[in-house]
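Asks: Chain order of the listed sequences is A and B. To get the numbering used here, take the position in the first sequence, counting from 1, and add 427. To get the numbering used here, take the position in the second sequence, counting from 1, and add 14.
Hints should not be assumed to be uniformly reliable.
Partial pick of chain A residues on the chain B-facing surface, computed with a CB cut under 7 Å [stated by the list, open to error]: (1) A505; (2) M657; (3) G1176.
So, partial list: chain A residues that the calculated Cβ filter (under 7 Å) puts toward chain B [said to hold, decoys possible]: (4) P618; (5) Q674; (6) G679; (7) D680; (8) Q737; (9) A930.
None of these hints come from the bench; they were simulated from the model. From a predicted model like this one, the values you see are computed outputs, not experimental measurements. A virtual CB, placed ideally from N, CA and C, is assigned to each residue, including glycine.
Spelled out, the chains give:
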Amino acid sequence: MASQTGPRDEPLTSTAGQPVGRVRFMDAQRVNLDGFAKEEPGLGLIALRSPNDPEPGLVISAGRVVELDGVAEDSFDAIDAYIARHGIDLEAAGEAMGLSDVEFARRLVSPDVPRAEIVRLSAGATPAKLARVLALLRPAELGQAMTKLRARRTPSNQAHVTNRLDDPLLLAADSATAAAFGFREIETTVPVLADAPSNAVACLIGAAVGAQGVLFQCSVEEALELELGMRGLTSYAETVSLYGTEQVFVDGDDTPWSKAFLTSAYASRGMKMRVSSGAGAEVLMAGAEGKSMLYLEARCVALARAIGAQGVQNGGIDGASVAASVPRGLRELMAENLMVMMRNLESCSGNDALMSESDMRRTSRTLPIVLAGSDFMFSGFGSIQRYDNMFGPSNFNAEDIDDFLAMQRDWGIDGGLRTVPAERIEALRRNAAQACRSVYRHLGLVDFTDEHVELAVDAAGSKDLGETDTLAVVSAAQAIREGGLTVLDVVAALDETGYEDEAERIMAMTRARLAGDYLQTSAIFDEALGVLSLVTDPNDYAGPGTGYEPSAQRLREINAIRQERGVEDLRAEQARFATSLLEPAGQAPSGQDPRDVVIGVSPAVGRDVWRCLSGMTVTAVLAELLAGLEEEGCIGRLVRFNDTVDLGRIGLAAARLAGSGIGIGLQGKGTALIHRRDLAPLANLELYSVAPSVTPELYRLLGANAARHARGGTPDPARNPYSDEAIEARYHTTVIALMALERAWVKPGAAPEELSQKGLR
Amino acid sequence: MTGEPMVRALSGREVGELTLEAVRGGELSVADLRIHPETLERQAAVATAHANPQLAENLRRAAELTRLPDEEVLAIYDALRPGRSTPEQLTGLAADLAERGLPRCAALLAEAAEVYARRGLSA
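So here's chain A without its partners, still in its complex pose:
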């Protein structure tokens, strides 16, 4: 290309110094807003294996670990030390470390090796060993292993519920909405830390309105988060961060021992808790020590197990886009989740940070996990719009809920979500906003107006609320915190303001939590407050025909998205456009007049089919065709053919009936052509095949051209309008239903009938 020059050695392009148009066009695509990093092991910018990662190794002497992944005991950093003392099952260690990496990897994938066996072996493996093993799995193998190794049989999903204003009524309405969509955990956070207690109360109320048994957390600074939990306002926590190097751990103002203690502190107050880690955190802090992301995460996950956490939120999290910027980064993110499952812990599988500007890349990142199934597919699906997500946009957000519901249905998998009818969403949102308003008023926190309630009910996001009194929220939060308000106060306020059912729901949840069953690995409540966990609902996948499969009822729920339509829906829709026009006017005779052009229509026209795919009525289309014929000096006749739905045959039969030998064929859906009596059935003179895009002007042109053909002319043929949209995706289901309606009127051998033109023009 560079050698192409003009006569005077000047470039032919007008954009000297710029790439050619094809490349400029590619540059302008959204994926090129993403950053892509060269692998750089020194900075930790390497996904699966760095030259600086240690060789896996374990030396045990007198019942204690004296060397871990090449580091001798007296050189253990705090992370090594904690893992060495508490994180390795010495009984399984010899066998686990003795297995070749490939053999270990094969066992992860093989349906013949049960999950329990992988759990036993993994407990004896060091971080470097598991990193080496997982680096061997290819994408489909990661998926297969995930299906087998996740702890809970039934997959589930978590939602983010936040907004820019910390508006309590909107939080309550959005929590109710998220709960109704099927999310079993709701996580909120704040743009203004002081608002946290108010957010906790609002979301608690909203979730109770939406569904029974939804777990709820308020992700804020650790001491405040624990305090909210101690008052019963929240029911789990997950932002207890772990890091893969000692330096970054200490920079985060914690140690493995402080985190172990915090883990016990949560359990001592009866709160479910998981820790949080993931690739990229150390890289962003310039503290990766040259190690691969997978190895550092292997240390975090080993530590998570060692300190006694029941689960881990990982898969990049805040650093997801760091992992995504390097080669094989998405494999690394998925391997992180899988490692958690191997360590017999709950996986809350990331997908909670927008890792690309490209819809394709972000879908490519998430889809394998959704297909494989995880304890939580997302550690925060943004159930609100991107701009309201105070964690930063999630990889999927409110913009994507319908896409996700369609993906569940496409693959027949359970992503944890379900369709909620529009009327139910409205009713729940109103109930939640009103209940929240009543509680805030009853407790003397804020007196919200009726108008504010209605705005929150209708809002698609906080921008729809207009100006709100954000200072009132801060004051309410302060009063909640300083007044020592507990869940009992919220329950009493709900009860006293007429929300007895919601009050009872929260009390039932409080009772259920005291049994402690939900502190076990991967525990969620179902909507009858039964606990589903590693203990009560263990994953029993062992190949095809085993493991989780949506129940018949759940499958109906997954399938019945609100956009689904059947033939009867279409029949009813068509009937709304029915008129008394196009009355039959007897058997259609052969025409003698050379100006006679027959417009042949399909069997259901004037009966069940009244509206074309373009949105024009069939009668309007016919009026245009007739007008076009007339403009060019011909006379149109309408004839319905009752023995075929095939447009070529209808057009040819129309031509043979016409005095001019020219016919127009029109199917009810709007496809049209010009035919001549001496042509083969599948031939034609002109054709509009893309019915949804045909305009009135084009139909008129087709009529005029038919007349020109009738008069022996050679008109410039009408052309199909072009569209780059997914026309087939949009209309094929309707086409199938329309053709079914047409087919139902077909009578073999039935004669064509003339239709009245009365009232058409």
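Fit chain B to the known structure of chain A by using the hints.
Replies: Coordinates of chain B only, in the frame set by chain A:
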């Protein structure tokens, strides 16, 4: 489920008594919402039986911590953060907890004191 032991709150109140009626009567307090150490011990046994001895150990430490007030729990957490305590302070705290019948938490603090001293994480 039948045969399950009765669940009590930390206050000793049976879970079945945590009703809306009781809320209306103003009978309940935060202690009625708190988990009982026996419940945590029972869950620890379940965790052991499901191949997670570390989770079991955590739940047993938690059972011990049910005896401490919130402020003290938060204070110990803070003492364990890097650079907050001298090794002596941590071993002292550990001894105190051991004496008050929290041996597992005491062991955690004693171990921290030792590692912190070696890794420069002490005050």
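Asks: Under 7 Å is the threshold here; is the Cβ of G679(A) close enough to any Cβ of chain B for the hint to stand?
Replies: violated, 9 Å
Asks: Would you settle whether the hint for P618(A) is holds or violated, based on the nearest Cβ-Cβ distance to chain B being less than 7 Å?
Replies: violated, 25 Å
Asks: Once the shortest beta carbon distance from A505(A) to chain B is found, is it less than 7 Å?
Replies: At about 5 Å, which falls below the 7 Å cut-off, the nearest Cβ of chain B leaves the hint on A505(A) intact, so it holds.
Asks: Does the interface hint hold: is D680(A) within less than 7 Å of chain B, judged Cβ to Cβ?
Replies: With Cβ-Cβ at 6 Å, under 7 Å, it holds.
Asks: Minimum Cβ distance from G1176(A) to chain B below 7 Å?
Replies: violated, 70 Å
Asks: Just to be careful: measuring from the Cβ of Q674(A) to every Cβ in chain B, is the smallest value less than 7 Å?
Replies: Violated, because the Cβ-Cβ distance from Q674(A) to chain B comes to roughly 11 Å (cut-off 7 Å).
Asks: For the hint on Q737(A), just tell me whether its beta-carbon gets within less than 7 Å of chain B.
Replies: This interface hint holds because 6 Å falls under the 7 Å limit.
Asks: Hint A930(A) vs chain B: min CB-CB distance below 7 Å?
Replies: For A930(A), the interface hint holds, since the closest Cβ of chain B sits about 6 Å away, which is under 7 Å.
Asks: Checking hints one by one. Is M657(A) an interface residue toward chain B, by the C-beta closer than 7 Å rule?
Replies: holds, 5 Å
Going down the numbered hints, you'll see the structure goes against 3, 4, 5 and 6, while the others check out.
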